[in-house]
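Model the full assembly from the supplied sequences, consistent with the hints where possible.
Using our numbering, the first residue of the sequence shown is number 341, and each one after it goes up by one.
The set of hints was computed from the structure by calculation and includes no laboratory data. Fair warning: this is a prediction, and the values are worked out from it, not measured in the lab. Please note that a few of the clues may not be correct.
What the hints assert, rightly or not - Listed next, the in silico DSSO-like pairs over lysine-lysine satisfying Cα-Cα at most 27 Å (straight line):
#, residue 1, residue 2
1, Lys-403, Lys-905
2, Lys-980, Lys-1021
3, Lys-531, Lys-576
4, Lys-848, Lys-618
5, Lys-971, Lys-905
6, Lys-590, Lys-474
7, Lys-873, Lys-1039
8, Lys-576, Lys-618
9, Lys-1021, Lys-905
10, Lys-732, Lys-488
11, Lys-469, Lys-484
12, Lys-705, Lys-590
13, Lys-815, Lys-778
14, Lys-705, Lys-835
15, Lys-482, Lys-469
16, Lys-474, Lys-732
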Amino acid sequence: MPIARAGLRPFFQLRSFVFALSLLSFLPLTACSDGGGNGELPVAEIRRGEQTRRITLGEFEEKYVETSQNIDAARKDSLAAYKEFLTRYVDFRLKVQDAYDRGMDKSPDVQTELKQYRDQLAGTYLTEKEVLDKNLRDLYEKRKVEVKASHILALASPDALPEDTLKAYRRIVDVIAQLGAGRSFDSLAIKNSDDPSARQNGGSLGYFTGGMMVYQFETAAFNTPVGGVSGPIRTKFGYHAIKVFDRRPKTQDIRASHILVRTSRTASPEDTLKAYTKIAGLLNAAKQGEDFAKLARENSEDPGSGQQGGDLNFFGVGRMVKGFEDAAFALKNIGDISPIIRTDFGYHIIKLTERKPLASFAEEKENLRSLLNRNTEKLEFENDQLAGRLKKTYGFEETAQALAAFVSKLDSNTTVDRVDSLRLSAADRQATMFVFAKQSYPLDSLLAHLKGTPQYRGQKLTVKSVKSFYDRYVKQTVLNYEISQLESRYSEFAKLMRDYKDGILLFKNAEEQVWSKATPTDSVAAIYFGEHKSEYQFGERVDISEIVVSSEATAAKIYDELTKKQRTLGIVTADSVKKSSARLAAEIKKLKRGDKDYKTKLAALKSQQASLKRDDAVRTFEQLAKRYTEKDSDTGRTGKAGLFQRDEYTAANAVFTQPVGFISTPQSIDGKFSVVRLNGKEAARPMTFEEAKPLAAAKYQEMMTKQLEEDWIKSLRTKSDVKYYDENLQKAFRTPAASTAMPSATAEQK
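The following block contains the structure:
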């Protein structure tokens, strides 16, 4: 259980912290002592009567690194830092031992929590160790490369009839034979592929990297040499023939901004020319040095990126439409701007703003894990492989007769729910299906599994479904057995469980010895407040209202409406009301009285007509806050922010020296823009008890916790002799050559 250098980690965080630590601990620790054999040297001993608890250099190094997560930083720390940490770690061990002495490890609550933790952790641990670890590295290496490939698909779903599956297989075999005879891949794809896009692209998938395709397809493509053809390859979609055309280092993600002027492929020549003229003007302005982000905010017709200055964030190959992608990735230097690009959305100009470097394995690990966890078919395959290895390890042997006897009793109406109605003798039920880890599993165990699995209820039992249920049961049994053996098979897991148990015991012991005694009642907090009134004072405070928006342009328009009485946002003119009313009236005329939803549509259109009204009056601060602010709270939507001292809230600082009623120009704070109004000021004054109670209670609790903690440690040390070995501690994280003479062991008798 890690110890913070400034003291124990906050106890109330222990449960969540230990679970987070357990996930980190799946990785092998590299904090071993550098000197050969030094890891077993003692750095401290705790003696209680006939018992001695030795803390080795290896244990010290491991715990020390857990607090910093950085072995390089640990190597640079001083001997004084090591001593301080070791003292605190000894205190930790004394507290845990005290919990054992008091029998807290036998508590049903502790046992239940340990079981819950193990249940939560064990399956994840096994998957991490035996599946994810090797596949994460493999995926990382694949994602350094891009493969350009085409495919021809013959559809065949996983549950297709055998004759349909065979037909699809033979189609791909025939296609591969034609390719071998020199036929063009494109023409064969257009004629034979069940992938609809093949009619346009000749089966081309462009470039792709690891984690983008179903695993069977990806594995085949990456294992096929450039110019080669693989197949038939079976995936959940059917059978594929794959041809690889190129292999290259992965094109790293880029960050770009764009400006869009919309026009459709069916637009009139006049509208198309108008859009082109506009984008050409914007391109010229950008090349003349005008701010691209400002041009995008004011002109781009892409609602998603326009207000973000055109920013599209990072994207990779295959994420954008073809013409746009080609133009974006053709930009060489940061700041380069593309020529005008036409897509189905309209005309674009693109600016390259950033190019992402190749990430290290450590940096990519969480992303890789996410990709793998989403690839359920791949994980299923790898778990099947793991189950196969475990079968060999534990001597799996199968007896086919028991399952055959069961299947022979089925009829066309048998479902999982009716399995007990089958005429199975006691001998049938007890017949061994398989032996694993020297334990026999009779047919009865499968029947119990079927009845106890909710998702199987109501499903028909056929030869095919029984085989599928049986295979799943065998796999689950094998994996569950391995999970039950984790402590004996994996020393790291056993250590995790010991650490977590120590953490729980520390938590419960500290709860009894310190926290429950340190929490003040209101009356105790009031007494403490009365003795320390002078410490609880308000400085000068300002009462403010605030409107927060993402767009700088919107913030500027809000400011102008409030200070210059110029409304430019959300105007509804009399002319627009007239046009909207006429449009709705035309829609009403088109309604047919005979339609079943005539009355509903008529009422809706008339309601819209009735709601139309001119709206171009200048609005109040509160009205603007309700309409535009992005503060997601009831008070935030009214604009009311509250009372603040100087430097307590960044937005309030702008109005401290201003008169009441002052409205600040838009301030950029944490990526958003804030307009603040000063409602009033309050002079410095003492806090009342109600205002100070949370602060006073926390201060009292902090004081009492510290005192109770010190008293507890003193009482524990009177029961133990603690001996420190400074000459061994100075070897921490160092080679023997780096060691220098130090004073011999010191003893501490408390």
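Hint check: Lys-732 vs Lys-488, CA-CA at most 27 Å. Holds or violated? 39 Å, violated
Straight-line Cα separation of Lys-576 and Lys-618 no greater than 27 Å? Distance ~48 Å between Lys-576 and Lys-618 Cα, so the pair is violated.
Compare the distance between the alpha carbons of Lys-482 and Lys-469 with 27 Å, and conclude whether the hinted pair is satisfied. It holds: about 20 Å lies between the C-alpha atoms, which stays within 27 Å.
Hint consistency between Lys-474 and Lys-732 [alpha-carbon to alpha-carbon, up to 27 Å]: Between Lys-474 and Lys-732 the Cα gap is close to 20 Å, so the pair holds against 27 Å.
Assess, step by step, whether the Cα of Lys-403 is no farther than 27 Å from the Cα of Lys-905, and give holds or violated. 64 Å, violated
Please verify whether Lys-873 and Lys-1039 have alpha carbons no more than 27 Å apart. Roughly 13 Å separates the two Cα atoms, so the pair holds.
Hint consistency between Lys-705 and Lys-590 [alpha-carbon to alpha-carbon, up to 27 Å]: Distance ~17 Å between Lys-705 and Lys-590 Cα, so the pair holds.
Just to be careful, I want the Cα atoms of Lys-848 and Lys-618 compared with a cutoff of 27 Å; is the pair within it? Outside the cut-off at roughly 70 Å; violated.
Between Lys-815 and Lys-778, is the straight-line Cα distance small enough, at 27 Å or below? Between Lys-815 and Lys-778 the Cα gap is close to 16 Å, so the pair holds against 27 Å.
Take a quick look at whether Lys-590 and Lys-474 sit within 27 Å of each other, Cα to Cα. 21 Å, holds
Restraint check for Lys-705 with Lys-835, where alpha carbons must lie at most 27 Å apart: 24 Å, holds
Holds or violated: are the alpha carbons of Lys-980 and Lys-1021 at most 27 Å from each other? Since the Cα atoms of Lys-980 and Lys-1021 sit roughly 14 Å apart, the hinted pair holds (cutoff 27 Å).
The structure does not agree with the numbered hints 1, 4, 8 and 10 stated previously, though it agrees with the rest.
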